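S.K.: Chains as they are written, first to last, in the working numbering: chain A, 48 to 225; chain B, 48 to 225.
Worth flagging that the hints you see were computed from the coordinates, not collected in a lab. The reader is advised that the hints may include incorrect statements.
[What the hints assert, rightly or not] Computed footprint of chain B on chain A; a stretch qualifies when at least three of its residues, placed anywhere within it, have a C-beta under 8 Å from a C-beta of chain B:
#	segment
1	72-78
2	129-143
3	192-205
[What the hints assert, rightly or not] Computed far set for chain A versus chain B, every beta-carbon distance over 12 Å:
#	residue
4	Arg101
5	Asp221
6	Gly225
[To be verified] Under the rule of at most 25 Å between Cα atoms (straight-line distance), these lysine to aspartate or glutamate pairs were calculated in the DMTMM-like manner:
#	chain 1	residue 1	chain 2	residue 2
7	A	Lys58	A	Asp168
8	A	Lys142	A	Asp158
9	A	Lys58	B	Asp118
10	A	Lys58	A	Asp95
11	B	Lys142	B	Asp206
12	B	Lys58	A	Asp118
No experiment lies behind these values; they were computed from the predicted model shown. All residues carry an ideal CB built from backbone N, CA and C; glycine is no exception.
Protein chains: 2
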Amino acid sequence: MALIHHPVMDKNGETIAAAVTALDLHDIARAAKTYGVDTFYVVTPLTDQQDLVRRIIGHWASGAGARYNPDRQAALALIRLMPTLAAVLDDMAEKHGHGPQTVATSAQMADGNLTFAGLRDLARQARPLLLLFGTAWGLAPEMLTQADHRLAPIAGHGDYNHLSVRSAVSIILDRMLG
Amino acid sequence: MALIHHPVMDKNGETIAAAVTALDLHDIARAAKTYGVDTFYVVTPLTDQQDLVRRIIGHWASGAGARYNPDRQAALALIRLMPTLAAVLDDMAEKHGHGPQTVATSAQMADGNLTFAGLRDLARQARPLLLLFGTAWGLAPEMLTQADHRLAPIAGHGDYNHLSVRSAVSIILDRMLG
Chain A
48 MALIHHPVMD KNGETIAAAV TALDLHDIAR AAKTYGVDTF YVVTPLTDQQ DLVRRIIGHW
108 ASGAGARYNP DRQAALALIR LMPTLAAVLD DMAEKHGHGP QTVATSAQMA DGNLTFAGLR
168 DLARQARPLL LLFGTAWGLA PEMLTQADHR LAPIAGHGDY NHLSVRSAVS IILDRMLG
Chain B
48 MALIHHPVMD KNGETIAAAV TALDLHDIAR AAKTYGVDTF YVVTPLTDQQ DLVRRIIGHW
108 ASGAGARYNP DRQAALALIR LMPTLAAVLD DMAEKHGHGP QTVATSAQMA DGNLTFAGLR
168 DLARQARPLL LLFGTAWGLA PEMLTQADHR LAPIAGHGDY NHLSVRSAVS IILDRMLG
């Protein structure tokens, strides 16, 4: 799976590069580890944000954090830092012999073509598979159209659908692999 | 549902009162609103932590936050601040005419007596129903034994099960109501 910080949308629908949130890395790495995700790609082209990701991982991998909480270290060890989605695709192609099928997620998906049942089937059949999650107000439109599959939004109860990316990742991994 | 900050455990299994985390309130309120939860009780006996909760709610309810993000306001409006679980039970008894059935959650549940299928049935039949979630390293043992039901832990893939409370709430609400 990949957590994309660029290109994503701000609240007005403009394309931005979002800042990295430490708790996104922690919560999503823990969920990824719980559900057996192979690699958690953190994608940002901004070098200062890349430095922040390295500091967070380093603290828990070898510093006081590793002694304080070894479970956290096991989760954050799934993270691979990448500048772009293209670099993620190259990395997976090198590792698996061919590139992944990609699944874009969004709460505002207008033309979703993949149900959660379809996602479960895909998880059994398509190897490798890459789930794409957007920070801020979600993946930019070109990320949605370029993906092989577009997952239907999570439906709760009623019209309100403003989950955090941390919650959305947790629910989607559980529906797919739980 | 209730997010309990006391009595919960620290990493050594000692009973503590945990600090309130702003992001817990935001993420869990958004998930609660998405899944149609009636009230999100935030339970802490510490007056400085109660003040913090009031400041967070106030910022998004009437300050610059309300203008910036009205969706957030709708979610945080579900929060009711309470000093103890007993006060929550009293509040629900007053509202519904009788107290709730309670369901304790824990990743370390040794004697879970409620499956997720059972929880879905309970959600349809038992009104009112109160889900209990612990911060820090989870609900203290007496909170588990005093509850009417103890929900089986979330099983992922393998032995690793260290979800954040934000992830656990999201997954449990989705399995119960999604």
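S.K.: Need the list of violated hint numbers for this structure, in ascending order.
M.R.: 2, 5, 6, 7, 8 and 11
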